[in-house]
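Peer 1: Next come the chains, spelled out residue by residue.
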Amino acid sequence: MKEFQYTIKDACGIHARPAGLLVKVVKSHASTATLEKDGKSCDMRKLMALMGMGVKQGDTVTVKVEGDDEDATAADIEKFMTENL
Amino acid sequence: MQVGTGKSVLNGIAIGKIKIYKKKDTTISTKPVTDTGAELLRFEDAQQKAIQQQTALYEKALDEAGEDIAEVFNIHAMMLEDDDFVDAIREIITKQKMCAEYAIKTAGTNQAAVFAAMDDPYLQARSADVMDIAQAMLDILQGTDVDSMQGTEPSILVAEDLAPSETVRLDKSLLLGFVTREGSTNSHTAILARSMNIPALIQCKEIDDTWDGKMAVIDGYNACVYVDPTPDLLKSLQKRQQEDKKKQALLQELKGKPNTTLDGTTINVYANIGGIGDVGAVQQNDAGGVGLFRSEFVYLNSKDYPTEEYQFEAYKQVVETLAPKKVIIRTCDIGADKTVDYMKLDHEENPALGYRAIRICLTRKDFFKTQLRALLRASAYGNLGIMFPMITSLRELHDAKNILDECKVELAAEGKKIGDIEVGTMIETPAAVLIADDLAKECDFFSIGTNDLTQYTCALDRQNAKLEPFANPHHPAVLREIKMTVDAGHRHGIWVGICGELGADTSLTETFLRMGVDELSVNPKSILPVRKKIRSLDLTKPATVDGEDKPEDAKPEAKPDAKADAKADTKTKAKDKAKA
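First to last, the protein sequences are chains A and B.
Using the numbering used here, read the first sequence as starting at 1 and increasing by one per residue.
Using the numbering used here, read the second sequence as starting at 1001 and increasing by one per residue.
You may find that some hints are simply not true.
Claimed, not checked - Taking lysine to any residue pairs in the SDA-like style, the calculated list, with each CA pair at most 25 angstroms apart, reads:
1) K56/A to A1070/B
2) K79/A to N1074/B
3) K79/A to E1067/B
4) K46/A to A1088/B
5) K1344/B to Y1299/B
6) K1325/B to T1339/B
7) K24/A to A1088/B
8) K1417/B to D10/A
9) K40/A to A1113/B
10) K1417/B to E83/A
Said to hold, decoys possible - Only part of the chain B face toward chain A is listed, based on derived beta-carbon distances under 10 angstroms:
11) L1040
12) E1044
13) D1045
14) M1079
15) K1466
16) F1470
Hints listed in this document are in silico derivations from the structure and should not be mistaken for laboratory results.
All values reported here derive from a predicted model rather than from experimental measurement.
Built from N, CA and C at the ideal position, the CB exists for glycine as well.
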């Protein structure tokens, strides 16, 4: 399993547009990814659940990735977050 | 005449006949079904069609409103495939044995309620997106003909609410504007209206079916709609609409384009602002940054000395909103005509030459440090510059900079973050012009305040209307001073801008460019006209105007202009008193 933490810098947080794009990134891989914040977690393939986490600027989230291509998946997610969030 | 009020999503005017946009009430069966397999198929069929529809809307929105907002429809398409949402619908069909319509409506309402209950206003507004996709599937299942609801002539639509996909589907050639009873300013519908430049009023509770077919005007500036407006009102709003159209055309022409002359000289065109409320105008007029942010509002709006924290929040908000654009903040310019009771300043016989601006700051060091600390802290959030007003000697600039350095050391010791800041001098006294070479060595930029520079150079009180016949805003002495300042700045490798009213005078734009001015900071309204002027100039051609070195009498054609400007000046003087 791969795991990393990320602190959201974007003023709007994970709002609809980046959430949609983030789901696309995860869905392009075979591994499962979960996002955790303050004891709550969600499947990152599920758009509404991800938006429903209400992740805001300044929040630190933990991303856990598990599966055959977990290295590539985690790297892509981290890259997307760094560039867009 | 009837007036409806609400929240405006776009500063614009729409004039036309009202068309009530009404959805037919459809009933959904709540009786159990026997063939749940058939209902699942009906749902899947509607789901696939809705996804195709949203993808088509993405293309339409991309064309009409731009990529950022068009992405909403891609998100709708993804929401339609969302596992949790789809599972909820399937479960209602299979376990509760309900029809597809009932399942979609129930699951959509539930999911929308989840968003509506969140404490973040942005996420609350997402419930409208969920209802939108649920409705899209319902319309498909019930065969509702959405496209015919708009009518066939250009009109202002009045509706209970409009979903984002409805807004995009509407034929823009027939849509003058819309008024809804519901809706939030965060909704995708509101964002769409803004990016498609459609005047819209939301949360208008006065909406009435009897408005159908009546003449109406949406006044986005005042957040209201006039139904059956009086002829006079209609006329004045028509005029405003024409002005808007001109501005919009100019904006379309200039948006994102560099301020470069035909021969390749580029300068910055920034905005002068007086408070947080002006930030919208900076963005709407596509300014490159803020060249003069008058910090007086933090003092004038307070009953007592504004705290560091209060000032920090105010500066931070502007700097952060406009980042990475540059925001140059002028330190306190209280005194002369701008006074506040709590500072207990003595009445002066000759306030323009009195105890004001940097003179107050340098003698009330703690007062000055409160502002400088707030500015330095705000600098961590964007691209901030500081400039000192009313400098007449090198010692004043040194003293001001020393206090600034003191604040930097204190903040560093407290572990507070500070960004890279530029420090500039306002050139608004003849003394500053004459020692510009010395000042230039000690700062990062000059900003010429032409209003005070003119008043001090010509010994002509700006507030005295009787002096109007003697006023010449294009006085060659002032123009020469500007040239001297630019040359001195450039000799020492710093940039030089103009932030006074003269900067917005397009009859001087060419003169300023030929002088080598690097930046013009003007009121937001003048940004687009100034940019248009810059892009029309060719400095390799012989000068079409020159205000530089001729005595006043040798320029007969400049005189009527100067008079007209002087008049326009006095009209706005009362306002400028508080501002400049």
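Peer 1: State for each hint whether it applies.
Peer 2: Structure-based check of all given hints:
Simply put, K56/A and A1070/B have alpha-carbon atoms about 23 angstroms apart, close enough for the 25 angstroms limit, and the pair holds. Simply put, K79/A and N1074/B have alpha-carbon atoms about 21 angstroms apart, close enough for the 25 angstroms limit, and the pair holds. As the CA atoms of K79/A and E1067/B are separated by approximately 22 angstroms, the hinted pair is consistent with the 25 angstroms bound. A C-alpha spacing of about 13 angstroms is found between K46/A and A1088/B, which places the hinted pair at or below 25 angstroms, so the restraint holds.
For the proposed pair K1344/B and Y1299/B, the alpha carbon gap of about 13 angstroms is at most 25 angstroms, so the pair holds. At most 25 angstroms may separate the alpha-carbon atoms for a hinted pair to count; K1325/B and T1339/B exceed this at roughly 31 angstroms. Between K24/A and A1088/B, the direct Cα distance comes to roughly 22 angstroms. Compliance with the 25 angstroms bound is thereby established for this hinted pair. A hinted pair counts as satisfied when its Cα atoms are at most 25 angstroms apart, and K1417/B with D10/A qualifies at roughly 19 angstroms.
Proximity of K40/A to A1113/B is assessed by CA-CA distance (about 19 angstroms); at most 25 angstroms being required, the pair is judged to hold. At most 25 angstroms may separate the alpha-carbon atoms for a hinted pair to count; K1417/B and E83/A meet this at roughly 23 angstroms. Below 10 angstroms, beta-carbon pairs count as interface contacts, and L1040/B has none with chain A, the closest being about 21 angstroms; its hint is therefore violated. For E1044/B, the shortest C-beta to C-beta distance to chain A is roughly 19 angstroms, which exceeds 10 angstroms, and the interface hint is violated.
The closest approach between the C-beta of D1045/B and any C-beta of chain A is roughly 22 angstroms, which is over the 10 angstroms cut-off, so the hint fails. Given the 10 angstroms rule on beta carbons, the hint for M1079/B holds: about 6 angstroms separates it from the nearest Cβ of chain A. Against a cut-off of 10 angstroms between C-beta atoms, the interface hint on K1466/B is violated, since the closest Cβ of chain A lies about 51 angstroms away. Annotation: F1470/B was flagged as interfacial toward chain A, and the flag is violated, the nearest CB pair being 51 angstroms apart, outside 10 angstroms.
When the structure is compared with the earlier hints, violations turn up for hints 6, 11, 12, 13, 15 and 16 and for no others.
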